[in-house]
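What follows is each chain in one-letter form.
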Amino acid sequence: MFSGWLTTVVFLPLVGALLIALFIRRDRDVRNFAATVSVVEFVLTIIVFSLYDKSQPGVQLIDKFENWIPVASFRVEYFLGVDGLSAPLVLLTGLLGMCAVFASWNIKLRVKEYFVWLLVLQTAVTGVFASLDFILFFIFWELELIPMYLLISIWGSGRKEYSAMKFLIFTVSGSAFMLVGILVLFFSTGTFNIVELPQAIDKARLLLPAGAIFALLFIAFAIKLPVWPVHTWLPDAHTDAPTAVSIMLAGVLLKMGSYGMIRMSVTMFPRLTTEFSWLLAALAVVNVLYGAAITLRQSDLKRLIAYSSISHMGYVLLGISSVGAGVGAISPVGLTGASLQMFTHGTITGLLFLLVGLVYDKTHTRYIPDLGGLAARMPIIASVFVLAGLASLGLPSLSGFVSELMVFLGTFPVWGWATALAAFGIVITAGYILWMLQRTFLGPSRERFAHVGDASLIEALPAAALVISIVVIGIYPAFLTDVFGAGVNAILSSRF
Amino acid sequence: MQIPELAAWFIFLLPLGSFLVIIFIIRPFFNQHSKAAGYVTILAIAAALVLSAWALQSTLGHDDPIGWEPHSWLNLGDLPLRLGILMDPLTSIMVVVVSGVSLMVQIYSLGYMRGDSGYDRYFAYMSLFTASMLGLVMASNIVQLYVFWELVGLCSYLLIGFWYHRPAAAAAAKKAFIVTRLGDFGFLLAILYLFFNAGTFTSQTPPLNPLEISDIYQAAKLGILGSGVVTWLAIGIFAGAVGKSGQFPLHTWLPDAMEGPTPVSALIHAATMVAAGVFLVARFFPLFVESPTAMNTVALIGGFTAVFAASMGLVMNDIKRVLAYSTISQLGYMMLALGIGAYGAAIFHLFTHAFFKALLFMGAGSVNHASGTFDMRYMGGLRKHMPWTYATFLIAGLSLAGIFPMAGFWSKDEILLEALNKGGVVSSIVFWLALIGVFMTAFYIFRALFMTFESEFRGGAEAESKGHGEAHPVHLRESPAVMVLPMVILGAASLGGGFLANPTTALGIIPIHWISNHLSAETVEFHAPAFNIGLAILSSLVAVAGIGLAYLMYHARRVSAENMARRFRPAYTLLSKKYYFDEAYEDFLTTRIFYRMISGILDWWDRAVVDGLVDGVGWFGRNTGRALALLQTGQVQSYGAGISIGILIILGVYFIWG
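Those protein sequence lines, which keep their order, are chains A and B.
Sequential numbering of the first sequence, starting at 1, is according to this note's numbering.
Sequential numbering of the second sequence, starting at 1, is according to this note's numbering.
Note that these hints are calculated values from the structure, not bench results.
Some hints here could point you the wrong way.
[Said to hold, decoys possible] Non-contacting residues of chain B with respect to chain A, defined by C-beta distances greater than 12 Å in every case (computed): (1) Leu56; (2) Gly67; (3) Leu300; (4) Leu435; (5) Glu464; (6) Ser520; (7) Ala536; (8) Arg596; (9) Leu602.
[Stated by the list, open to error] Residues from chain B shown here face chain A by an in silico Cβ test under 10 Å; the list is partial: (10) Asp78; (11) Tyr146; (12) Tyr157; (13) Val488; (14) Asp603; (15) Asp611; (16) Ser638.
Cβ coordinates follow ideal geometry from the N, Cα and C atoms, glycine included.
Same shape as in the complex, but just chain B (with noise of 0.2 Å):
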């Protein structure tokens, strides 16, 4: 049976109720430490899980999307802005991830979160998250989207600086708010342009309607946009996209992002908020394909992003730090694999990440809550302690990896494949990016796991803070079982979510290439490319080279990371220091050139020359008034000598000029 609207519309609203519920009723009337707001987000969002799987089952089979007619909200001159729901294919699948790696983390985060002051606001913003990204990826205007895209920065600002009273989470949610509105800044323009051009579109017979996705879809099939107009389009879009997935240039926020709560930072690497940059280059992937210029410009700065966040990775000594990068490096592969028109591909990577990248952070936030730190220098032989943790960690590294036959090998390998297939010089570069990339990121997450769970324990956060200051204290056993179970099941999706979900081959009740003929639609044709063994063999030995590299270095010390560093020191500075990238956007542009030179000599200049005028004008008159009142004596004789000397000049200048 097809999902009927109503029911498609409640896997947004629930979450929202959720978070209504906890802000108007729990908040107010209830303990503060009360359960009921993480039990309430969960039921919703389980609820919306069951809503979401009865979505894709509706779509499956369907080329096109449900037809639901939009509702009326806003009318914009003639034109209506209409909301509605546009459930594809693509959407179908990305509010199964979204509602299913948000459930994992808020049960995950029942244990983590228990006992913290803002147990309810915790709970009430990641339902508000949660509706937000479901709300994202079904809309169906492209202003209705742009809502929801706003909604997402909005909640990341406010779990982001969760724990505002420490000065460093309240900078770094400033600061992923502000970077992602310079993307914003793009994609609000390319909404403009749309609507500049909206004649276009209205000409058509049946007349379209330029906010209305699927009838932007019809209109770069018809061609009707001219192809300068397609690419700015495009591009604007895509620098919404590069803010919110933290692409290159703009890649700065996400590192700091980690402020937050760590399992905010599972939902915002995994399925949220980074998830939609690369959502809203797919969702317009009609309009991207028919400008060459528009994809390779995605292709290269996705590709370029992989390697140069991947290298970032490789240095950082905070947990959440490297995978933090390690998140930007995978969405420079999705958007890399978008740019070179592996559509089927990069949705699927986005689908396997999702899975074992919230695990990796689940794993960060388990030690952490053993080792009270998140810096790997003080961990160190938590393998013995966290059987569980360091389980579902190594499944999810080998994933990240690409070891076969983990989820990420087959998406991984998927994406290297098409840029192989593709030809051209765009794919040859991105495949050789790629293809580095996929050495550093198994070194990093190997670097990170030997360094967290093998050879001895380092003292954990008693040992960092060195006795001064309270530190968090430790004790080194494994999680609670509300933690484990979802890193369980996470780690399940990692291990099989590859073969099962996008076959090479058919297996039983699964066809072939499920996920990506599922994909294939009307509006975005494509086919996924046959398997290719050597390709295979290439990226594994590839990854393995990685890893050994990483064993010997950090689990075997065969080679000393010291001398390395100490060696390669300008590259180990310029790495660790992120290529000066903070420095160069705070320090320099924000602080020095907009702050004191631009805002403040424009400020000086509003004070001392403008209101200096306006005082000057007031000066002029008082005084004028005052030389003037000097004549003002009162003496009768003096007015008489002055009204006496008048009419003789009056009079004289009357004989002789008149």
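Chain A on its own, in the form it takes in the complex (with noise of 0.2 Å):
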């Protein structure tokens, strides 16, 4: 089976890369290249994406190459395919790709490297996205961390090579934690195949305890998210890291972990996700609870953003817990809110990260105290900023609202405390972003931002196409809501 879209949709940007790496010399062509790779990458995206039949159960658009690594005893199987879970992710790569690439107009340094590295990333996520074998998914998983270790490295600012080596090393730690994971239960089952891994891991006989495995994958995914208390990669490497970057970081790369956590440890191991689904949700509360009063405290626009994505990862994690309710009474509310919320987290903290980054740009500086009375002088910069402000903060008709209220609905009946607790999580987080805004942009105008400029059209793009995101799933949910929970509902009507 070959439909192609999938390997087209994954490997466009590494052809371009290496287009760019071969070819093309003037950065102005490297620039205008990339962009019309990332274009017609999320006009593809989104053409994957209307294809992908919600009424049809299982994966689709499959590209399947059984041989690809024909060792009879490691069969490794080149496979990629989309299904509810999925499909959504795919889009919203393609989006934040394209938003990233615009985002990094004004780059000067080694600009041709720079679009190789950063197109190669999101062949890499996508990639994460799409495979259905354990060593390919495993592979791109991998492959994610070389572009992010050179464009936070050399491209970063304040302690960059601090950030990206504490970036790197988390992150391989927790591989090498799934790496043992994937052989275990390849030599326990036999197959790589993550679509038949589920039942296979029913019916064979594992070769560590079947808890053991779980540890294994849960940490890799639990670092990626990041879970406390092995979060604090994530602030060092959201503040160094260029905006582009810090843009795919929030918007895509935490949502690897929480994919993850769905598509293998949930779907693979179903009874073990629900006995300890206790700990998913205190750990989710904690998440959203302790990110929240420590964003509160910060004074870096950027690093502000990014323990509020500490935050509001936790109610991925919450929506997660919800399988707690035990086989046969959950109810797919929670799950499909998580999977919501990664999809609306990634646009709303995508466009928080563009705009931090512009008005860093216009500005040059970051540090809130320094800032204020901004709204005169870059009214559209302010009225998105505003606009973003209140989706982070679940402000209804707006994405955040919905994939909040679908997380709360369907995990209170299962954790009731825990989820009024990680409830207050919105108050404290209209606390964090109007104070942020009055101290950016609200107050008397400065005689030092006299000569500051409001963003260009090339900058508003990007800005516009999340803006659009942002407000289209706020006001009609229902056309991500169902795809997820077509995903949703197949892992739950099959596992649990």
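Dock chain one against chain two, each of which comes alone in its own frame, and use the hints as you go.
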């Protein structure tokens, strides 16, 4: 089976990167070509998303070579496909990948290399979401590290080498656990096929206790999500990364962790997930409240958004913990909400990082006490920033509200107190978002920023794309929730 | 002819459309000072008012809501979340009040906001505000209601912080949003708790939907929810109402909210934001009546707030602050009425209050236009210069004080009467609280009236700034007709809105107790009480006493206000410091406890301990490597020695233990 769509979507950015590396010299041409590739890629992801038929069960748009690595005892398949869970995430990657390229317009240093790595990064992330072979998944998972490390350590700011190395070591440590888990699963079941693995695990005699394998995989995903207490790479990496990389990092890379949790942990080990869901709920509450409380203290705009990501990714974890209701009793609302939260957090936080980048470009500072009164100087950036902030604090009619509401509705019946505590996060979020907006944009305009301009057209384009997605999902969420719901229902009906 | 569903949707869509037109067409493409924004808004809201009247007419004589099928929006598992319009008597009255008062405010704003650099932005927000409030009162689903509930909060944030370059405005806007969100948190938990009990709803035949308001009524009526469940639901919903309606203990945001333009205050305090809280309790009244605990909570919080807020209104010098505390206090009356089951009286008071409170704020704005200040200590003598403003302010003040035959007299009297008739401890407590409140209300509003309009002018903004800083220019004359006209209309409503809308005897074409009887629906059945002349005289005497004291102190000056303040220094300080609630909340709870302690310790913990551990692991790895690297000398001799010693040790171990 080979429909070709996903192969194209996954490898187009890589091909683009190769072409840039080999043939294109001038910076202007590099930029234009990268932009073209990313727009085409975005259009392709839209097509993939719309080709996915939510009324049909199972994975679709399959690209498969059964004997990709044809060693009899180690049969690795080239197997791409999407279901209701991954199709929207592929779309998200296309959207944010495009925004990242446009957000890099002002990069002056080693332009060619920069765009090459940015495009490679996009291939890696898309590959993670589209892979249905565990080794292929792992390859893409690891591939993402190389461009990330280089992008942060070369084009970053502040303690960029430290942050890049910290990010790398954290992720690689997780990957080591995951690789062991993958290999144990393979030698127990004889397959890397993610679609077949769940049933195969049920039947197989596992070489390690199931709980150990579950833990090995969970640690890798928890680091990526990130779950407290393995979260401290995130504020550093986000703060020191260039704008576009922060967008990709917060927008899609964190989702690799939560996607892995649902795709692997929940689907392959439903009973264990149910058994340990109290722990997930507890960690989620810590993520939400601890993250929010610390966010309040941040005086660097980027660091503030980074910590808010920890808080908001806690809602994803909380939604996943709704499987604690136990076999047969699980409502799909919590998991659907968690999946939607991945998407909405991706667009909202992506937009926030984009805007922080713009503010920094214009004012040359991200230190909040130095800012203030910018609304008069940059009305467009300020308006969009306010909108993004409101979306982040879960204002109805914007997308964040729907996903948070679904997470709460789905998890409250299972973990009432944990959900109630986590829901208090909406009050603290309102606090730090509005206070940040007040200190940055409101108040009297300052002499120092008298000559600061507003966003240019090329800067406003990616912001507009994200705003549209945030508003559209907020007003008509069903077009995503129905797709996510199809994916979640398939998991729940076959596994729980 | 009954209003079709599409037309009812347009009640909400028209102001929303006006918002979109201003944001996407007028703002980018027209001159900043283009009058178009104002006209578009007024046109849209006027049309919405016409449609609202049609909706009201359609519900007359019907006990049950117009049966429109809701529309699918989002699937929550097997449970559809559907959007629709619940057009019942309560909603039909609310849409008319909201669009009517909003229309008056918009017309007034044409004059008040003329020349402001944010003219079009102002009208865009006002359109959205009106649209959100109309959407709120028409929602047929509790989640839909919550959506608009939050949007109303957003609009008040945007409008309170309209002059965002002023730090006080930016702070007040933030405060309003966060304090009300504390209440919204309770409302959200109530929604979650409803959903938690979804099984109880869906197991009925025919199955009920726990999120649809009419099904919640049904469930409450059938008594399928346990009493504990109903109580918690009602308390959660009431928490939301406490936040929005500025009830104790979440009242602190409302007085600060006057940092916004004055017409915004008129809208917030009369028909939109704060009325939403009372509406919310009224909307879920069938649920509340099933829980005596919840009802008593509502009554006592309302009764306490009525007196508590009025007491602070006694000493404020800023005219808008007096009015703000007055609003909190009056909303307390509505809440206490709901709490004792006087549903009709509460909504009737909401109805009359909307007119006279909007008018009072317009009066304050008009006075500010002339004097440049809101501080009554620098006003005085404005009656001669502003006869229309004075006359309408007087009518509204009399109405607020509850003087016959003003609108406020009838509605307030009905609340007192219901409290008296009800019997029981809670009703007696709130009756006496309400009566004390009547005295305070009459006093503070006539204190404001005398300080503003009587005796001699005390210099306005120029005196206030005492020469330093550029003062708002003082030009003592009546406001333009475009501002006076809506004041006159509202003045007429404040005068006649009581006995014409809810007469105690049939008046020709107007049936007896028109509003009350219209509101009495299938879901909330009640009968308006018969007029009680004794109580009416008592409450009037109390009100007149309040006015008399204000007259003696601030007009005739027989009693010196300064001496009073000096003699009761501790009480005066306590009141003028607003019982230190701002300090307790902002300086102590938020800054000291939450920001410095909790947040600060966690922030330190995260950097020093959690991340320190990570760096520690890194340090350990690096230094272990460095230490081991010392062994790698590159000298073959030392490697050879190492290997030899190693082999000897292994052999030794092998021979001894092997």
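Quick rundown of the hints versus the structure:
1. Leu56: The assertion about Leu56 of chain B holds, with a minimum of 27 Å to chain A.
2. Gly67: holds (24 Å)
3. Leu300: holds (25 Å)
4. Leu435: holds (37 Å)
5. Glu464: Label holds. Min Cβ-Cβ 20 Å, cutoff 12 Å.
6. Ser520: holds (32 Å)
7. Ala536: At about 44 Å from chain A, Ala536 of chain B clears the 12 Å cut-off, so the statement holds.
8. Arg596: violated (9 Å)
9. Leu602: violated (5 Å)
10. Asp78: holds (8 Å)
11. Tyr146: holds (7 Å)
12. Tyr157: holds (8 Å)
13. Val488: Not OK, violated: Val488 of chain B not within 10 Å of chain A, min 37 Å.
14. Asp603: Check passed: Cβ of Asp603 of chain B comes within 4 Å of chain A, closer than 10 Å.
15. Asp611: holds (4 Å)
16. Ser638: Violated - the Cβ of Ser638 of chain B stays beyond 10 Å from chain A, reaching only about 32 Å at its closest.
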